[in-house]
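I would like the entire structure built from these sequences, with the hints used as guidance.
Taken in sequence, the protein lines are chains A, B, C and D. Numbered per the working numbering, the first sequence spans residues 992 to 1287. Numbered per the working numbering, the second sequence spans residues 992 to 1287. Numbered per the working numbering, the third sequence spans residues 992 to 1287. Numbered per the working numbering, the fourth sequence spans residues 992 to 1287.
These aren't lab readings, by the way, just hints derived from the structure by calculation. Treat the hints with care, since some could be wrong.
Same chains, same label: a pair holds when it works inside one copy or across any pair of copies.
Stated by the list, open to error - Quick list of in silico lysine-lysine cross-link-like pairs, DSBU-like style, CA-CA up to 35 Å:
| id | residue 1 | residue 2 |
| --- | --- | --- |
| 1 | 1093 | 1190 |
| 2 | 1190 | 1037 |
| 3 | 1138 | 1190 |
| 4 | 1146 | 1097 |
There are 4 protein chains.
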Amino acid sequence: MKIGFVGLGHMGAPMALNLLKAGHTVAVFDLSASAMQTLAEAGAQKAASAKAAASGAECVITMLPAAAHVRSVLTAEDGVLAGIAKGVTIIDSSTIDPASVKEFAKLAAAQGNAFVDAPVSGGTGGAAAGTLTFMVGGSAEHYESVKPVLSGMGKNIVHCGETGTGQVAKICNNLVLGVTMAGVAEAMALGEALGIDPKVLGGIMNTSTGRCWSSDTYNPYPGVIETAPSSRGYTGGFGTDLMLKDLGLATDAAKGVHQPAYMGALAQQLYQAMSSHGDGKLDFSAIIKLYRGEKG
Amino acid sequence: MKIGFVGLGHMGAPMALNLLKAGHTVAVFDLSASAMQTLAEAGAQKAASAKAAASGAECVITMLPAAAHVRSVLTAEDGVLAGIAKGVTIIDSSTIDPASVKEFAKLAAAQGNAFVDAPVSGGTGGAAAGTLTFMVGGSAEHYESVKPVLSGMGKNIVHCGETGTGQVAKICNNLVLGVTMAGVAEAMALGEALGIDPKVLGGIMNTSTGRCWSSDTYNPYPGVIETAPSSRGYTGGFGTDLMLKDLGLATDAAKGVHQPAYMGALAQQLYQAMSSHGDGKLDFSAIIKLYRGEKG
Amino acid sequence: MKIGFVGLGHMGAPMALNLLKAGHTVAVFDLSASAMQTLAEAGAQKAASAKAAASGAECVITMLPAAAHVRSVLTAEDGVLAGIAKGVTIIDSSTIDPASVKEFAKLAAAQGNAFVDAPVSGGTGGAAAGTLTFMVGGSAEHYESVKPVLSGMGKNIVHCGETGTGQVAKICNNLVLGVTMAGVAEAMALGEALGIDPKVLGGIMNTSTGRCWSSDTYNPYPGVIETAPSSRGYTGGFGTDLMLKDLGLATDAAKGVHQPAYMGALAQQLYQAMSSHGDGKLDFSAIIKLYRGEKG
Amino acid sequence: MKIGFVGLGHMGAPMALNLLKAGHTVAVFDLSASAMQTLAEAGAQKAASAKAAASGAECVITMLPAAAHVRSVLTAEDGVLAGIAKGVTIIDSSTIDPASVKEFAKLAAAQGNAFVDAPVSGGTGGAAAGTLTFMVGGSAEHYESVKPVLSGMGKNIVHCGETGTGQVAKICNNLVLGVTMAGVAEAMALGEALGIDPKVLGGIMNTSTGRCWSSDTYNPYPGVIETAPSSRGYTGGFGTDLMLKDLGLATDAAKGVHQPAYMGALAQQLYQAMSSHGDGKLDFSAIIKLYRGEKG
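Shown next, in the form of structure tokens:
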């Protein structure tokens, strides 16, 4: 299949590589020449613009930092919508707000293109290994049509519902993630202050009703889970500033539908405090520092 | 073994029954004559006071609503400490604050008795089935000595560390539980408002980083988990007022050691709002009503 | 002076009227024909577009709901920047985010115009009476130049500092306002539940350290302050949805500079809960309903 | 008048001194011999116990750190209730929870004594100057009877309602105080980060709707109010740990009546974070450090 791919960052580059490995023809575009070069050496065609990457493609994939970038990549004079053929589907794997998805889907539909949201979970590790989960928003028909392409980059291709629901699934999941991590950090630090061995406490939680991914897989207390970022200085995981982006999307979406998001908004402020202390690049489980008196 | 058992409420009664089934001789005391009668019919001896229940016992177990009751049962003129023989261990399975545990342990030690905290998880269902988890605080020696007795009432007998750490484990776990449930409720209601099918959202969370007991076992959205209280009108689970008691213990303990408990304190207020609406007897997962506009 | 005025809503219309009364020549533009007609009857010139209103003006004033409207009114083909003469100052009295102010100031500067932010406080009452407070962001020179115009619409013309600081002053003040009102509502409802007469409690607060505008002028408990919206069914004051807009600007601005905004973010969720109950049009002091069990 | 006075701490000592200056005969008791000596040198009689201080007194005043101390001073074998004559009124000026007040009033009534709660505001400065405010809970008759005594120590003697309402007034006022200070600190730090001069911002707030005691009298930003603790290194004001005590009373009282206390509980955690950083002795306005990145 002939695929146009725009956005070769930490996630996009390995995703595009996997498409090449899966046997697709891939035309790539990114503002970074070195990112383009790396992909070209792996067999991709360098496109001069998003428009060029989209020209002649049977499918276009975008993987960008925020909605503003997606808007620009789609609607610029040399953007995707200027180059894409009628009937071709655009898959956006960026994490953006559901309202923007609907706006972009409308723009695409106006010229005969489908726009499917397919944000991912699994991080850079999953992107490299081709084991990402894709949360797909679009009609059942579009879901079926993009599934084969996404299968080249991920393991779990989940249909979430109509356009935008892929993003809804992503931000609601990450809202829970941000809240549970803050809660586990608070409880682990409290337990430590009250004199229980953190490993014992972690063990009890993980076999009881406090059990959660933030405790049994990613426990923020160093040494409780050997493979967690906390056991290697909070490096190499899911950065605090990325969690902040997702909590920002969640609380903004809640604002848009007049829903209170008490827990998410509070967790957001705590991660913001971390970021203001200069810890924005650490794994988000470093939030436990706010409770252990190291910072904050 | 000859056991004295004080406190025959929703938890204590089935626990004492299981001790009888395990072949122990049990002398029971409770202020409720009917609770006493039920146990007597199952083979227990009715004691006229906590002191009488403790007299001649090789082990005394207390299961009471709060620290004030434990204090009174221990120290009253006709209380446990007045009747118990030197060297006999007192096991308190009530959920109370760690500071009170230490105070009671001192009182007991002053007259040659050990006081072991062993709060439980598993609810009335686990109490009846004899599948409770006991979180035991005390020396390794005391842990070994109480294990055989507790095994008659539970499946998991976990040693948490020194005196008081059983309570620490319990309240830290329930702090996480109260926070994750509030977070999951917030996210499920937000997802619904943003147009995703709650069952789809629950399914994604439960296989992703939002995974937690509050989502995969006790999901607050009706119908997502058929066996959860939410699927039967929020009845028959873990009452909101009980969650409030445990969050109160957690935030009070945090106050005592000058630790902030941001997430727990906020969750506590949300459950308090539920309780103020008259929903204190509903399962705590009914907190989702605060977000779904039914109440609150 | 010849003034172009764009935006004739609840605030803009009475402000433009006051400029007419002050003897200025005013060319007005609004999408609402009836709003235009009302001003025309009072002596204003109807302009066919924002561009037309700006043409030939010695000063242009915009008063719009949000940054998106300001952007559009400035940059559209028939917008202000297309019609304004070089050297003329644009005064924006909308309440928008400081970052957008800086962006607009750059656009204006690029074609030789100054852009001064001058958001107001005082509400529709102050707009009608000409007693608004203007918080002006811009150089000392620009402040001096706009002061005479603003004096036609307000009583207090305060220089806050460089471009954007007018908005900073406005949103920081309203952050405090949103927080103090929530705090006063919480305390008044708590006092009532604990058995004190709310009027007595209000009286004590207002002569003690709890004293604040939200208590001594706008007390949320009905009857404590006879002239407050709470004493007339929470009508006719500062709408909850407007407070939500301002708290949204404050927490967004905090996000932008990586500052935690714990109290503001929590208050925002509480007002959001009100709005989700259908109370978004009530005065924001109706937040006390969340605490008094009437709703929420 | 012959007065018994128990509790000669930072507040009690200057209060008792003012009673002496007002011409009363005062028998004092405190566990600190040096505190007793200071008062004796000013003309007081040293009593050997609380009981002795109460013996023969026409009025007994207690000024103690917490409810547990009041309980002990009242009910101990050598306590006030053992020494006081029938019909004599006990005035408790400690800040304690309203529920304990009712319990103590019952104990006193059982032996024919009235117990009036009369907590104060005004701090050690007001205690020395005799300008305290007393918030009095009790019948109108009791209020009239204690007014002359209290007038010797304070300027404002306010009748709040029935027994316990003095404490209700105190903790509700301080709930607002703790919340507004946190809100002002948050807004001042945000304004600074966004580039406005804190003095300008403070000036605008203090003439606008953000106006409050925490801003116009006690502004947490150094230099905005020259006489505030923030302008002298956060020394000599109202200590953070005292604010924590009062917020603890407020949130506990809210728990007791099933009222949510969202804002108060969050503020409490923020002051707790300060305290955990070792700042518990600083004036509570030092909470702004949590926002300015100095600590926390």
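The hints, checked one at a time:
no.	hint	verdict
1	1093 - 1190	between (46 Å within a copy, 22 Å between copies)
2	1190 - 1037	neither (51 Å within a copy, 42 Å between copies)
3	1138 - 1190	between (42 Å within a copy, 21 Å between copies)
4	1146 - 1097	within (29 Å within a copy, 47 Å between copies)
Comparing the model with each numbered hint stated earlier shows that hint 2 is the single one that does not hold.
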